[in-house]
Amino acid sequence: MSYIKPKFRHPNLPTNRLGYTVADYDGAVSTLCAGCGHDSISAAIRNACFASALEPHRIAKISGIGCSSKMPTYFLGKSHGFNSVHGRMPSVATGASLANRDLTYVGVSGDGDTASIGMGQFIHLIRRNLNMTYIVANNGCYGLTKGQDSATADLGSVSKAGDANPFDGIDLASLAILQGASFVGRSFSGDKTQLEPLIRAAMAHKGFAFIDVVSPCVTFNNHAGSTKSYSETRDHLDVMPLDFVPMREEIRTQYAEGTTQSVTLHDGSVIHLHKADTSYRSDDRKSAMHAVQTAEDEGRILTGLLYLDPDSQDLHQNIQLASRPLNELGKDELCPGSKVLNSINEGLR
Amino acid sequence: MKPTNTNDPEYFHKVVDCQYACPAHTPVPEYIRLIAQERYSDAYMINWESNVFPGVLGRTCDRPCEPACRRGRVEEEPVAICRLKRVAADFKDDVSNRMPKAGPKNGKKIALIGGGPASLTVARDLAPLGYEMHLFDAQVKGGGFMRSEIPSFRLPESVLDEEVGYVLDMGVHAQFDTYIDSLQSILDKEYDAVFVGCGAPRGRDLPKLPGRAEADANIHIGLDWLANVAFDHTQTIGKRVIVLGGGNTAMDCCRTSRRLGGEDVKVIVRSPFDSMKASPWEKEDAIHEGIPIIDNHVPKEFVLENGKLVGMTFEKVEAVFDKDGKRNLVPTGEEPAFYPCDDVLIAIGQENAFPWIEESTGVRFTSWGTPIINDDETFQSTRKEVFFGGDAAFGPSNIITAVAHGHKAAVSIDLYCQGKDLSVRPPPHVTLVSQKMGIHEWSYDSIPVDDKREAVPLVDLKAALKSRTLEVELGFDLDTAFVQAERCLNCDAQTVFTEANCIECDACTDICPTSCISFVENAPEAELRQSLLVPAETLDQDIYVSDTLETGRVLVKDEDVCLHCGLCAERCPTAAWDMQMFAYNLAKAAPILTEVT
Ligand SMILES: Cc1cc2nc3c(=O)[nH]c(=O)nc-3n(C[C@H](O)[C@H](O)[C@H](O)COP(=O)(O)OP(=O)(O)OC[C@H]3O[C@@H](n4cnc5c(N)ncnc54)[C@H](O)[C@@H]3O)c2cc1C
Ligand SMILES: Cc1ncc(C[n+]2csc(CCOP(=O)(O)OP(=O)(O)O)c2C)c(N)n1
Ligand code: SF4
Ligand code: SF4
Ligand code: SF4
Ligand SMILES: [Mg+2]
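Residue numbers (the numbering used here), protein chains in the order written: chain A, 4 to 352; chain B, 5 to 601.
Be a bit skeptical, because a hint or two may be false.
Said to hold, decoys possible - Beyond 12 Å from chain A on every Cβ pair, some chain B residues (computed):
#1 77
#2 79
#3 99
#4 109
#5 217
#6 279
#7 297
#8 419
#9 423
#10 454
#11 470
#12 478
#13 484
#14 514
#15 569
#16 579
What the hints assert, rightly or not - 25 Å max Cα-Cα, derived DMTMM-like pairs, lysine to aspartate or glutamate:
#17 A/81 x B/541
#18 B/312 x B/278
#19 A/8 x B/445
#20 B/456 x A/29
#21 A/10 x B/541
#22 A/10 x B/339
#23 A/342 x B/541
#24 A/81 x B/454
The set of hints was computed from the structure by calculation and includes no laboratory data.
Cβ coordinates follow ideal geometry from the N, Cα and C atoms, glycine included.
Please construct the entire structure, taking both the sequences and the accompanying hints into account.
Below is the structure:
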């Protein structure tokens, strides 16, 4: 197995606004199984950061434990990273964001890391609306520990050992909508045309952006009987396409009346959503819940931007934290001295 | 687009850029791998099978393979293909016992006119089949222009003798010192076929330039002069020499002059430096030997004093391009330039000449003086048992082209002698074999090295200029040769795709370092090329298109800058990609003569 990627690149690789090519957003060569959906998500994150011309050194990658949580090693080799403990990525992300609110935070987790051991932290992260993108690479199993059913495995899905799952799976996207997440999307690792703009939109969103990505485990969960294999997923996809137009770019595409909704984010970028069913409203929690539920009842996996509140208040705004990162504050600001302490104390008498 | 037909051997053949560009289709990456494995004799035999003169070509080839080399498209410089060939020749063991012998006589007799690379190739291909080969050459030894024109400081005589010897030793009846002055006399001897490989022996002159006749004693035709030097008839030249012309002959003339006493040697050429015919490396070598190249100067007059040549005047010109991009050399209007000299060498071109071929033989010629030939596959002339090849066929070219012609003409002669249809050509010998060794391991060094190309070291300049026969290039040593060999990308390790296995997981697209692989909607070729991850804009490089996949898309691989690194196949969970070694051997008259296993 080669752990070296040759240095040569296509001589005509396009560059982004910063003059970088997509190769400047590469990480190390993946050690995941060949064909793992997670690698496609890594590539989609890489491509999204390139397309949105984010500066690699202004991005921080955080993860827990699992094959999925290993992913950050395989993209954005020049960014910050923290591989934390199982299910504890939310608290590390929260701490990092409180200390430096100006970085773009990308959390990568698995269905085990989030829906089992990390569920408690996950729910509170949503509730606090931390400004970050949180991606779950959802393969319905614990890939790293050899494929045991996870909490998102669907009822009746057959494991590689041959046992049907006796429990209902947790639907993380529904949970996130219900819990008040300000941005909820779902996608499929094998559909980069949808996944890439979705990640770009999530990164531009100010607040907690959650994306549940069905990501087949080729080794332990890609057999007949599994509901999260490549072929089963493709057979049941119900795709709502979207385009992401960053603030600086003019809108070139013309969309047919009635089939497209446009949402403007706080930074001026625009998301165009295409959906045949025009009654669907992405800014309405009830409508989103309903659509996801109806699709599920019909055996379809609805993918796209499911819910978005573009005007949400993130954690920093909500509890009025310092407007600048701690590392930019001077000694006097961080430690205002006894005079200020005295005046506070006076005010409390 | 329709799915690519990879069953057509020409598809993968074209992917091996160097081999495809080589007129004799030498399996370049194969011999380079053998060099890296220290199997120099095998590397030599692989070459010999295709190009007959590896030692000669490893020093002198025009190397059309190198500009074609894929490495030149992903990095600055191509692989040092030509000089690696020399490594094989330099470091091989005695290979004489691996050479084929003359086959049992088949009762057919062939005449070869001229003993250059074209004729020798025909002899090499037909002798093992039992043909009796009669070779006639005006020179005292075999090799044609390789002996009479290419100077020994570029091509040592011993190297030439060895490789000409391998062919002549296959029972070829060679009559040297024999100029054939009548084709009819040969036809009268009832040969079963005649091959004309007499080259393009006439050097152009400037008969109308004022002073030409009067200064004749000090004006020499480059081609004749070089031959006289080669056969030791000429041993000196004046101190100040002007060489007229900008091709490789001019470069050999000026460098030879430096070694025969010329101290102030100049090349003066009509065209601008960049559009000179000489190969860039030949110009470099001349400049390195202290020879200025003065461009944009058109000869005007030979100047004499007291009946003796004292110099030449030139009109200064500049290149002006008209609407159609055609170049005109327009006088600048400046004063003519005068350059003093003792001798002038005219090296301004070369022509075919067949004064010895009678019209009555039925061999007819084009208005350019070249023979009318059936096509560039059969090489049959208008007299059906007479075949042409090498410089004699289409005018001056180079050794490797002469060899390629020889192979094809030999096939034709063999078919002709058996009364078979010449247009039904035997197919190439092709194999395609998976290189998978383990789950993720290939039988070749798949990941390319980053090392840069290195120049071949040269002998000390002073010593070089003292001797006409001291070889200038020293060749690579074995350590350098290994690194240079490792630069080869193994383009014959083909990426072979099997639609039915693909689950469209994107792993190959994501890993490919040079963004060659895309999954897209099918479209007509021009559109498809634009829809790829990086548009496929090198139009002479093919795109590999699959059949429709399950999602309705097709896989498209742009062959242009593929590194043949095998990462796509390593990351593919279903072995939809496989790396398969493609061997392509041009069909020759004789079956493969030397087995390398
Ligand atoms: C100065 C110079 C340098 C060159 N350097 C290179 C180089 O570095 N690399 C390269 O690839 N190519 C080079 N070439 C070109 C190359 O030498 C020729 O293209 C090649 O040798 C042609 O081969 P051929 O077999 O067609 O004929 P030739 O090699 O020309 O051989 C023809 C032979 O036929 C003989 N002959 C002709 N007429 C008759 C007759 N009627 N009877 C008997 N014998 C006859 C001639 O004496 C000669 O020996 C060079 C050419 C010149 C002039
Ligand atoms: C505290 C703790 N408990 C259990 C484990 C064992 N463990 C490692 S990875 C993993 C599950 C990972 O599943 P998921 O997050 O779905 O990742 P995947 O490998 O499927 O991508 C478990 C249980 C651990 N590393 N740490
Ligand atoms: S075990 Fe499954 S999840 Fe882990 S790397 Fe392999 S395919 Fe991916
Ligand atoms: S061998 Fe495969 S991965 Fe490597 S450059 Fe070629 S197409 Fe890309
Ligand atoms: S890695 Fe293999 S299975 Fe996956 S898309 Fe490429 S060819 Fe198809
Ligand atoms: Mg999992």
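To see whether the hints hold, each was checked on the structure:
1. 77: The claim breaks: residue 77 of chain B does not keep its Cβ more than 12 Å from every Cβ of chain A (closest is about 7 Å).
2. 79: At roughly 7 Å from the nearest Cβ of chain A, residue 79 of chain B sits no farther out than 12 Å, so the non-interface label is violated.
3. 99: holds (35 Å)
4. 109: The claim holds: residue 109 of chain B sits with its nearest Cβ about 55 Å from chain A, beyond 12 Å.
5. 217: holds (56 Å)
6. 279: holds (26 Å)
7. 297: The claim stands: residue 297 of chain B keeps its Cβ more than 12 Å from every Cβ of chain A (closest is about 32 Å).
8. 419: Residue 419 of chain B is indeed farther than 12 Å from all Cβ atoms of chain A, at 45 Å.
9. 423: The claim stands: residue 423 of chain B keeps its Cβ more than 12 Å from every Cβ of chain A (closest is about 53 Å).
10. 454: violated (6 Å)
11. 470: holds (44 Å)
12. 478: At about 30 Å from chain A, residue 478 of chain B clears the 12 Å cut-off, so the statement holds.
13. 484: holds (21 Å)
14. 514: The assertion about residue 514 of chain B is violated, with a minimum of 4 Å to chain A.
15. 569: Its Cβ does come within 12 Å of chain A, the nearest being 5 Å, so this is violated.
16. 579: Label violated. Min Cβ-Cβ 10 Å, cutoff 12 Å.
17. A/81 x B/541: violated (31 Å)
18. B/312 x B/278: With a Cα-Cα distance of about 34 Å, the restraint between residue 312 of chain B and residue 278 of chain B is violated, given a limit of 25 Å.
19. A/8 x B/445: Roughly 15 Å between the alpha carbons, so the hint for residue 8 of chain A and residue 445 of chain B holds.
20. B/456 x A/29: holds (24 Å)
21. A/10 x B/541: Answer holds: residue 10 of chain A to residue 541 of chain B is near 22 Å, not above 25 Å.
22. A/10 x B/339: violated (55 Å)
23. A/342 x B/541: violated (70 Å)
24. A/81 x B/454: At roughly 22 Å apart (the allowed maximum being 25 Å), residue 454 of chain B and residue 81 of chain A satisfy the hint.
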